[in-house]
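**Student:** Those protein sequence lines, which keep their order, are chains A and B.
Position 41 of the first sequence, counting from 1, maps to 67 under the numbering used here, and the rest follow consecutively.
Position 25 of the second sequence, counting from 1, maps to 201 under the numbering used here, and the rest follow consecutively.
Calculated from the structure, these hints are not laboratory results.
Keep in mind that a hint or two might mislead.
[Claimed, not checked] Label pairs and their computed distance ranges (CB to CB): (1) Ala254(B) x Ser41(A): 41 to 51 Å; (2) Lys46(A) x Gly217(B): 14 to 24 Å; (3) Lys218(B) x Lys46(A): 16 to 26 Å.
[What the hints assert, rightly or not] Stretch-level coverage of chain A by chain B, calculated; a stretch enters the list once three of its residues show a Cβ under 8 Å from a Cβ in chain B: (4) 63-74; (5) 131-142.
Glycine included, each C-beta is placed from N, C-alpha and C at the ideal position.
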Amino acid sequence: GAVVSQHPSWVICKSGTSVKIECRSLDFQATTMFWYRQFPKQSLMLMATSNEGSKATYEQGVEKDKFLINHASLTLSTLTVTSAHPEDSSFYICSATGTANANTEAFFGQGTRLTVV
Amino acid sequence: GESVGLHLPTLSVQEGDNSIINCAYSNSASDYFIWYKQESGKGPQFIIDIRSNMDKRQGQRVTVLLNKTVKHLSLQIAATQPGDSAVYFCAENTGGFKTIFGAGTRLFVKA
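Work out the full structure: start from the sequences and follow the hints.
**Tutor:** So this is what it looks like as structure tokens:
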């Protein structure tokens, strides 16, 4: 299957700083990328959907100014957690689809563990 | 609102037995469903999918059943192995592209 890679795998940052997480599709062009957040023992919660070259669409309750998403190319999307606080500590996961058609399998990255201290 | 949920949060089975993980969904307009496996500290791994024009699909050791009448999905794992221990999520595609996840079931396989 297609490969989606996230970097870094884990990061520890100080409260008040910003952290950038990268999501790359390695062997296909990702027309749409998705960002999820997962707290311990919970499910994946969709944060936003991004299409290459356009602004991301955020889910209700997700602050777009806090979670900045950039999808500047067909192989890279970034999520920046701005002014991070301990409550932002979570597992962040991206996924990507390589087709403009609906109802197709999305490929997931391995996740990024963010710890804010 | 829309939701995809699970009846059982944990399931413990004996190695070699069959496992059945259930899922209920609420959006009757959803037409594509996926089962994912997630191991600790990793991203979800695709297992099998099914479209709404089908009621059963089989893969290697796995079968997904879809009952649209009662909006229910199930994942059957044959001859469960220790390597199958993980959290399993059902998910639905809603709005065409977005994949919404259910609550998850943790599967324990006893040797």
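**Student:** Against each hint, give a clear statement of whether it holds in the structure.
**Tutor:** Hint check results:
1. Between Ala254(B) and Ser41(A) the C-beta distance comes to about 48 Å, which sits within the given range of 41 to 51 Å.
2. Between Lys46(A) and Gly217(B), the C-beta spacing of about 21 Å keeps the proposed range 14 to 24 Å intact.
3. Lys218(B) and Lys46(A) have their C-beta atoms about 21 Å apart, which keeps the hinted 16 to 26 Å range intact.
4. Look at the region 63-74 of chain A against chain B: 5 of its residues bring a Cβ nearer than 8 Å to a Cβ of that chain, three or more, so the hint holds.
5. Counting residues of the region 131-142 of chain A whose C-beta sits closer than 8 Å to any C-beta of chain B gives 8, which meets the bar of three, so the coverage hint holds.
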